[in-house]
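Asks: Sequence:
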Amino acid sequence: MPSQDNQPENNQVLAEQRDNDKDHLQMLEQQISRENKDIMDKEEAAKAKLEHFQKGSELFRKSLGLEFKKIDDDHLQFVFKYIDPNDWERPFTFTVRIDSNDRSYKGNANSRPVYNAALKRRE
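Numbering-wise (the numbering used here), the sequence shown opens with residue 1 and increments by one.
Watch out, some of these pointers could steer you wrong.
What the hints assert, rightly or not - Below, in silico cross-link-like pairs of lysine-lysine (DSS-like), each with a Cα-Cα straight-line distance of 25 angstroms or less:
| id | residue 1 | residue 2 |
| --- | --- | --- |
| 1 | Lys62 | Lys47 |
| 2 | Lys62 | Lys49 |
| 3 | Lys106 | Lys69 |
| 4 | Lys70 | Lys47 |
| 5 | Lys81 | Lys69 |
| 6 | Lys42 | Lys22 |
| 7 | Lys42 | Lys55 |
| 8 | Lys49 | Lys69 |
| 9 | Lys37 | Lys62 |
Keep in mind the hints are simulated off the structure, nothing from the lab. Because the structure is a prediction, the values reported are computed rather than measured.
Using the sequences provided together with the hints, build the complete structure.
Replies: Set out below in structure tokens:
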């Protein structure tokens, strides 16, 4: 059993440990608060960017008859209207595959009809 003589010393050690634990807890709470603020800021920035892209997409759709459709994680489809003078609503499409590793893209064989239709419209 500990002696009575060591009790004030033990109390001081426990008080110091409690103070250290409080300081550590406060530091962790501040860190969590900063990280939560960073997350909220990033979410707000992403939301603003998404709204900007949605407005641009809507402008392209209304003015140019152009729509973008995500087919899957690696493919994006472009749908063009307002090309065929006999049928403005007739869609022309092509799809690109986007390589997420090097951010390159490749078109598919269906892109030629869009190009030919655009040339005919110019004539």
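Asks: Which of the listed hints are broken here?
Replies: 6, 9
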